[in-house]
Amino acid sequence: MPFKFFFYLIALFVLYSAYFVVTARNLFRSAMGLLAVLIGIAGMYLLLNAQFLSAVQVVVYIGGIVVLMVFAILLIADVTQKVFEQSPRWRQGLIGAASLLWFSLLAGSMLSYRFGAAAAAVDKSGSIREIGRALLSPAAGGYALPFEVISLLLIAALVGAVTVARADADNGEGKEGKA
Amino acid sequence: MNTVNYLGLLRLLAPETVLTITGLIVLFFDAGVMRRQSIPRRQQVAAFLLSAGAMLAIGWSRHYSLADPNSTSMLVIDPLTQLMKQVILFLTIFTALVSLESKFTPHVGEYFALLALATLGMMFLVSSVDLLMLFVSLELTSLSLYILTAFQKDKLESSEAALKYFLLGGVSAAFLLFGMSWVYGLTGETNLIRIAGQLRDRATDPVLLAAMVMMLIGLGFKIAAAPFHLWAPDVYQGAPTPSAALIASGSKVAGFFVLARMTLAGLAGAEGSGVWNGFAPGWVPVLAVLAVLSMTLGNLAAIAQTRVKRLLAYSAIAHAGYMLPALMAHNTMGTIALLYYVTTYALTMVGAFGVVAVVEQQTGSDAYDAFTGLSRRSPALAVCLLVFLLSLAGLPPFAGFFAKFYVFTAAASASTRSLGLLWLVILALAMSVVSLYYYLQLLKQAFAVDPPAGAKIIRPLPATLFTLVFLALLVLLLGALPHLLVNKLQAALVVSGL
Amino acid sequence: MSTEQHPYIFLAVFLAVAVVFPLIPIALAWLWAQTFSPAKPGPDKNSTYECGLVSRGEVWIRFRPEYYLYAILFLVFDVETIFLLPFAVAFLKLPVGACVAMMGFLLLLLEGLLWAWQKGVLHWK
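Protein chains in written order, with the working numbering: chain A, 430 to 608; chain B, 87 to 584; chain C, -16 to 108.
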């Protein structure tokens, strides 16, 4: 089945890139790894027939957030040369064990349940036109309200990020903004 | 008619709209008209504008019509949500007035606008019954609070605290979102009421339990319950004191309310059981674990503190632990007790942080030493501090006593089975005794120890002093006449049926 | 689009071309180097090429923080654009109220931009 083939292909790609992000010792390389992860996720969306989401992923995450991250890294010049110390072996082992336990709990409970029935209940086609209509509909099932709240969220992010990142007269400390 | 619907939506959300406009006005007025004025003057004007807007919103929130359930599936507007919004708006006003004292930023307009935005997020949070709406408003609140934490740019602690808050908050939001996505996968619904209807017959599904645990992790972070409390001490310590006051009060009220809505309405039927010797999987035993850990860790760690803001942080963790049993009772009495507790607690916390803000501004420190001989350097402040701390400790003439009393009786009488939740109540009582020790330790410093030679008299601004005295009187009043608030809560609760 | 052809075929073609196109010259250059100019590393050869001058400083330069502020502003309006797209696509079938709602959304963000302008954030120092 081509679907399964592409799914596993992309999943492997994403997993490997994610592994690279956390193990790379250079921050810049981590950011590039993250770029690969996000591209993989965009492919995953395409595979699930969510084309709009896929485009959002490319435009916002790949075109916006990763670029912002690279900017932040380049603002702090020596980070790219700095090789980060890895945490001690025992701690790595502990974190690994905890993650494995958590993962097996989640995977176990997920495998015990068939999501198929509920997934079938959601039959929205997901076309951009339909998204547009639902996004601005105030009626039950419409998303006009969260949509307006998002504009508040964006303005909070804008005001906050600029205020925090902007150098005041006497110092130029910065914190990464979030969007 | 679609256009009518938009208008209807706007009318339902009149208080929020008023506050949005207020926030923008504050932002622009400060950047434009007030640009050349001195910082204290700008603070006064911005605080006045924000308070006026919030008062207007409070007035508007009293005139509402019950939302037609068909008009939107995102929000509920009922007497209870309006009451909680009023509480949050009052807390914001108090925070704004307390902010007058501190000089920590030249970006006055941005600070007060973000206060308004954080408050807006909390108000939406209180009203939302949809997972999507809930998450968006939670993010609005959190994002504004992260930024408010980072506002003191000349202090490294502030940036560090904001970064920790931001990173941990992001992780917890991820947990919440992941849990929500599972619930959506299980039910195909995002509306909490419809989710509850779908989940009724499969309450013990392992997938649901996993999803529930993840959502409780996310919300447990918001209310600073152990073991998701690690951010609290650093944030309370590092944030500018007025920001910390809002984080400790308004965000707590909204957090507990949304937790109550999520568990009582959305996960109704998946309670499980937390009675002694009779555990059954569900959200009650999960909360029981959080409660036990919070009470123990919070109180024991508070003993070792030497700085007041850190002390308040650990006591906040402990208080989250006291409040959870009221939720675990999952009956009307428990909900009333929870809301009474969190409201009085928030008022007390704003007051306590207000006192700390004054002392910190004038002595430059929030260590215990800074409070030495406070009763002689500023009697009014010292008495206010006394009222707030004794209320937090839960002593009789103050609101904190009845809060604890209601919670513990609600929890103890919740189950008819053998010991019920009594085991938790006994632990909470024991821990309250421990907490008395550290509150008295600080009060001893303020009242019994002579001020060091050359210690300055502390003079708070009239507006701040007035706010603090008002809060102290409120705490006393709600302690003497608790039914004032309880009756209101009860009436509202009957109508809304949470 | 015909039903037999999967709509993603063209994406796959794009992807393949995008990968192969830059790889060919690199591969050719590598082959060329293998045969005609074997590696002879030395201090001069390893240094950064700077128009024949002796290279100075490091390759990684430090960006000015102003870029970062612009990047933040860009990101916020990037998200806004994304929301505009479904609105524009569905525009003809939307009621008047929806357009007003969109205007509300746009106005809020516009005020953000005005604020940034007023504060002199857009001013390049």
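A hint or two may mislead.
As the list claims (entries may be wrong) - In silico DSS-like pairs for lysine-lysine, Cα to Cα no more than 27 Å straight-line:
(1) Lys241(B) with Lys102(C)
(2) Lys574(B) with Lys189(B)
(3) Lys189(B) with Lys102(C)
Keep in mind that the hints were calculated from the coordinates and are not lab data.
Treat the numbers as computed from the prediction; the structure is a model and nothing was measured.
Here is what the structure says about each hint:
Under the criterion of a C-alpha separation no larger than 27 Å, the hint pairing Lys241(B) with Lys102(C) is consistent with the structure, at around 23 Å. At most 27 Å may separate the alpha-carbon atoms for a hinted pair to count; Lys574(B) and Lys189(B) exceed this at roughly 38 Å. For the suggested pair Lys189(B) and Lys102(C), the alpha carbons sit about 20 Å apart, so the restraint of at most 27 Å is met.
Checked against the numbered hints given earlier, the structure breaks only hint 2 and satisfies all the rest.
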